[in-house]
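Chemist: Residues per chain, in single letters:
Protein chains: 4
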Amino acid sequence: MNFEYTDKVKGLIEQLKTFMDDHIYPLEPDYLAWVSNHENDWKNWPPMEDLKEKAKAAGLWNLFLPANYGDLSPGLSNLEYAPLAEEMGKVQWSPEVFNCAAPDTGNMEVLAKYGSDADKEKWLKPLMNGDIRSAFLMTEPLVASSDATNIETSIVLEGDEYVINGRKWWSSGIMDPRCAVTIVMGKTDPNAPRHSQQSMILVPKDAEGMEILRPLPVFGNVDSPHGHGEVLLTNVRVPKENLLLGEGRGFEIAQGRLGPGRIHHCMRLIGMAQRSLELMCKRVAEREAFGRYIKDFSSIRQAIAKSRCEIDQARLLVLSAADMMDKQGSKGAKELIAMIKIVTPMMTQKVTDRAIQAHGGMGVSNDTPIAGYWVTARTIRLADGPDEVHMHQLGRLTVKEHTS
Amino acid sequence: MNFEYTDKVKGLIEQLKTFMDDHIYPLEPDYLAWVSNHENDWKNWPPMEDLKEKAKAAGLWNLFLPANYGDLSPGLSNLEYAPLAEEMGKVQWSPEVFNCAAPDTGNMEVLAKYGSDADKEKWLKPLMNGDIRSAFLMTEPLVASSDATNIETSIVLEGDEYVINGRKWWSSGIMDPRCAVTIVMGKTDPNAPRHSQQSMILVPKDAEGMEILRPLPVFGNVDSPHGHGEVLLTNVRVPKENLLLGEGRGFEIAQGRLGPGRIHHCMRLIGMAQRSLELMCKRVAEREAFGRYIKDFSSIRQAIAKSRCEIDQARLLVLSAADMMDKQGSKGAKELIAMIKIVTPMMTQKVTDRAIQAHGGMGVSNDTPIAGYWVTARTIRLADGPDEVHMHQLGRLTVKEHTS
Amino acid sequence: MNFEYTDKVKGLIEQLKTFMDDHIYPLEPDYLAWVSNHENDWKNWPPMEDLKEKAKAAGLWNLFLPANYGDLSPGLSNLEYAPLAEEMGKVQWSPEVFNCAAPDTGNMEVLAKYGSDADKEKWLKPLMNGDIRSAFLMTEPLVASSDATNIETSIVLEGDEYVINGRKWWSSGIMDPRCAVTIVMGKTDPNAPRHSQQSMILVPKDAEGMEILRPLPVFGNVDSPHGHGEVLLTNVRVPKENLLLGEGRGFEIAQGRLGPGRIHHCMRLIGMAQRSLELMCKRVAEREAFGRYIKDFSSIRQAIAKSRCEIDQARLLVLSAADMMDKQGSKGAKELIAMIKIVTPMMTQKVTDRAIQAHGGMGVSNDTPIAGYWVTARTIRLADGPDEVHMHQLGRLTVKEHTS
Amino acid sequence: MNFEYTDKVKGLIEQLKTFMDDHIYPLEPDYLAWVSNHENDWKNWPPMEDLKEKAKAAGLWNLFLPANYGDLSPGLSNLEYAPLAEEMGKVQWSPEVFNCAAPDTGNMEVLAKYGSDADKEKWLKPLMNGDIRSAFLMTEPLVASSDATNIETSIVLEGDEYVINGRKWWSSGIMDPRCAVTIVMGKTDPNAPRHSQQSMILVPKDAEGMEILRPLPVFGNVDSPHGHGEVLLTNVRVPKENLLLGEGRGFEIAQGRLGPGRIHHCMRLIGMAQRSLELMCKRVAEREAFGRYIKDFSSIRQAIAKSRCEIDQARLLVLSAADMMDKQGSKGAKELIAMIKIVTPMMTQKVTDRAIQAHGGMGVSNDTPIAGYWVTARTIRLADGPDEVHMHQLGRLTVKEHTS
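Going down the list, the sequences are from chains W, Z, F and P. Note that our numbering numbers the first sequence so that position 123 is 123, with each residue one more than the last. To convert, take the position in the second sequence, counting from 1, and add 1000; that gives our numbering. To convert, take the position in the third sequence, counting from 1, and add 2000; that gives our numbering. To convert, take the position in the fourth sequence, counting from 1, and add 3000; that gives our numbering.
There's no promise every hint is true.
Said to hold, decoys possible - Keeping only pairs whose Cα atoms sit at most 27 Å apart, straight-line, the calculated DSS-like set for lysine-lysine is:
(1) Lys282(W) x Lys3400(P)
(2) Lys3010(P) x Lys331(W)
(3) Lys2327(F) x Lys1327(Z)
(4) Lys3056(P) x Lys3043(P)
(5) Lys1017(Z) x Lys2400(F)
(6) Lys3331(P) x Lys282(W)
(7) Lys3056(P) x Lys3017(P)
(8) Lys2017(F) x Lys1327(Z)
Claimed, not checked - Cβ pair distances, simulated, as ranges:
(9) Val1156(Z) x Lys282(W): 29 to 37 Å
(10) Tyr293(W) x Val1156(Z): 28 to 36 Å
(11) Asn3150(P) x Ser1116(Z): 43 to 51 Å
(12) Asn2037(F) x Pro3046(P): 51 to 59 Å
(13) His3402(P) x Leu1142(Z): 17 to 25 Å
(14) Lys2240(F) x Arg194(W): 54 to 62 Å
(15) Glu288(W) x Asn3150(P): 22 to 30 Å
(16) Ala1067(Z) x Pro2046(F): 55 to 63 Å
If you're looking for bench data, these hints aren't it; they were derived computationally from the structure. Model, not experiment: these values are computed from the prediction. Where a beta carbon is used, it is the ideal one built from N, C-alpha and C, also for glycine.
Could you put the whole structure together from the sequences, leaning on the hints where they help?
Modeler: Here it is, written out as structure tokens:
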């Protein structure tokens, strides 16, 4: 047991921080001004493509893909990548700069793991090169998708093609104009056992019958940077080769996909919480009220101390999950993956709430990134299943372990 | 002691509910569609003026102004008006329909109390008639305005005019195109005792030197329905008669203004919490997950039970504050006014957070009013001074009472 | 609606406070010394009987019994009695002084309501005179008694007698040497519909076959002042007339019994919380740390402000429940009764936890009554069914109201 | 970074668990019966000395003393000892069996670090051999000892002796009849700079003038297993050699003493929380209510899931503090030591509160160890300075780090 980052990781963190200090943080106000002045058109912010080239040149590219993918991967383990995701989380649009943004990361890993050579050539290569983006279509408005067995989109084989019909929402990435391909979850066999009804299938964004109904606002915001949408699929036809891994194996893919994705999400959330703490410290050290610096009020000190304790604990938990993932895979890390999903978004919501309060009115404005962090944390408490579902399952497993 | 509404109040509630059922709730989707399709241009939503005429015709107009204002008032006490504010709170844009929206209500009461006959003719009459709207300029970006003695805007007498210089933000109402007049808080004498430095002054919105720098987004939203803005005042000149009540009496006005305003805010928040609870109940009764209706999960039942307990307690507290205000005025109700400001926004934040969670992804979207309620509750925790300031003062007073 | 106590109630509160100032508070240290020096033998503390005579002489006797019991009652409504229970709660052994202690109060009301003339003569009269005490035997160690339908004690008619067999615990009052009679809940017909299996029956404490197995410690304390015990009933025989109201009507009696009992419990808890707040205020005003009075730390002020807000809200809720009970009976007040049981013990636990913390080490000792309050509040969260059961039912009823 | 215990540690945990399964757990009911039947006379429970011999024979002895004490130490690092302390925590009287109980551990480390050869021979040797026990006298009833600079006990040099006067309470270990020596904190120079006024001095328990005034009950319990007392020191005289390290260096010793002590306390608390979780799982798997196993209520599953998440996070934090202590000493680990003191007792209080609730009435009784765990956790939130003091300092340090 050892709680220190390796020298390799320390070096990578340093390199990433330098890049962010040089290229990312200075552009934060520019990004904000752009979205304010262009009706929130985050999708076409000019500097993005240039930044991506710079990141690629600096070797800070695709770092998320674990070493076990051989030549495709830059060679980091989940445990090594985790603190880098934390840094990227501090600027919400920055993961795209490093080609480490959801839902592309999960989609790329699925393609690397289960894609045919043709899929890899057609979709994985341009994705890993940052030339296109992708979307993931799982949740549906008409059923409680927290129980994924409820999903109703149908995927029916007709000849050499699958025909897809359904309505999806919270389809992440779909609003990005660079989005070229989607992965869709649906039922190939509604009569199979509960967890073998589902399959995943590749659907090009421009497939006939795929219609984006509307962007989905999050707390009144058209949701940047992910760009969620509501999508109608009407008799969408794709070649049968587009089905991933095999009929009825959708859950299996989903499970494998979720582990690394949650570690990324959680480490980015920790980055948001950590930066909120730092901004809160700076703010309360600057301002005076009732004859004292705000930092000298014991209630503010408690807010800061509690936040720090919560952040550091959550970080250790996520890192231990990454370590477990590296050692025992998604299955062995299953409980830890549930735990970090329960703990981290709620922790970030609490820490950002305190940071908002310490900033006064500025805290709810766009003059700091904290209001945006809050929105993200609150939303992630619902993404990939609400907290309640994970607690329900973790509770069940825990009772089982202690009674058998 | 008696916990039942009088028959008069029951009748008014009934009348208001009927009006809302007939005219307000049916327009909720229309309002939402308008702001979605018109870049959030809530200010020009077509049906508003017509609705105002209908409310006026129904006698549901200016009900907020307490009976002690004689002929100006429709004759309700604070305690009688409170449950009506709760109903109005359920649709965030509806208080304007009844000419009961902030900051106009507070401004009208200030004018009714301290305005000269000329002020009343020029500003109060059209405000009470719903012809114009108004703004309130207090908070400043450069100081911790939670301690209002920090406010730095200067109000200097030069001949027959006051000259005003300063920078304000969170100026509520300023973005409304119908806004015609503002009340500005500033310092007339920075060398006077701490609580006698401040004054309030009437400034027409079109006064030379008053510049709106930008609207202020709240969690990424241009804040409807109040429309906060950042405002620069540069050598703004107004006749010396515009000064309200007298130099150095700004705090006195602020104190008197806050009491009823907080009761209104808090009762509207209770309306939001109550409607969130009702929407949550409906949602969980409709959906199934893991083989059971969501309403049958004990954790959901606890969320509902806790919410109900919290709402009902907060309502009783606010009503008791209104009763005290009627009996002993703002001064006698001072501690209760602090208490409801501490309790109610936080309560509504908690209840709406649970309701969001129970709605899944829909909860953070605009498909229900709950995400908007949350934003309002969160923001009001900072408005009129953050929770912390009120707890600081209430704590001090409570210790004093029990040790003297 | 009116939030002020009537003059009658104000007078009674004053009278009770004077009695407590004169006779009860001065004896607090004596009581403490006695239990410390007599192996916690609270049952034989010498001054008790004398105090009871004084209270009787002062007319502060049996005030709990509502006016609807005619001549038996001193004539107060539940709403009028409630604030008196709050005062009594401040000294945990004082309700007995006024013959207002559980479980006697509930037992007396049951006897007044359902007892035969013979029962009244034999048991109610000496109970109301304070000559004997009583116990209530409901909970069982072998089943989850939170679901009272689980209770297994059998009550079987054999000739003119009922024969009772079972094991009970948390039998309140059983350890008091003055206890002469008990009310036992058990099943007369295990095959009847779920809520008609149970009956209640009067069993003299000295009945053959009733064996006290052990006193039950609460957090390591032999529980004063209630004196819980574990009791074995083996072939206990009582005349069939001892059955109350009729076979299968145990739940009906239990429901009627619970309402007033919960109001008493909750108001006493509010008294404990209120006194904790007052003691906390005094303590922090006296002590200095890190160069400041403890009362001037903002975190302490927040603890005090939050506590006050929580206490005042809970008090209003309990008073509104008492008002409803007076107007609509136990059935009409059902939901409010559930709400106060959910809210009040948890509130008192939180407030006393803060008060303990503010007292430092002294807070966990017996040098203040706060540690004892905490134990009581924590325990009442489980008494009469744990919080969870009440939330489960209140949640269900609330969903029902908003969906039908 | 690596989150797995080494093989050495796994082996030790296994060995300790086996010992506890064989010798400790089977005696839990015997211990409980003894204290119930002997007026809580935990000090003379017969099996203790025999168990100590067994532990010594098994090599499970003094494991707490870190490897840097050379021959005195069995050779474990803090990180290696930590999981063993967790196991010992599960039975509150078991640390004494392994000679790893507070306050002896801290006192032994102080003697090993700062004691003269004579002190070591006279006190350290028999302590490490388990022949005697010791006490630590720091807190005082008359001042807010949370600010240790307030401490008023005087230590005055007169000739070759120091003369000690003062009043102490919460003197841990003083009630144990085997206690032979104490370490007393007091002021040698009240005019020195704030943190150089204090010294620590060895005082034999039987020194003339040292009077035990009373045992201190904790939540009504005479506090086992530590045995706190209130002590009066009146003109107590000891040779000047008894002063440890030097005049004015009391704070320095206290700081060094606290680090390992807090790690031990915290790991034992984690053991208590972990065992509570396990007992809660077993309980809810056994019982039924309202037609379902209690384990299948989602609220119970959430209680279990949250508890597990909180326990695992706290454990990681404490282990990381132990790792830091091994690498950088008490000074380098200062902030982590504050963090674990803030986090762990509160976490254990929350987890045990849930476990109590899941056990129903049994949870507050002595039939499980949980009620006792709760009392310990609640009390440790005040020991070594209340949570608030640690948050105050951690808050200050955190602001400093992010603003300089």
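Chemist: Output the indices of the hints that this structure fails to meet, ascending.
Modeler: As far as the earlier hints go, 11 and 12 are violated by this structure, in ascending order.
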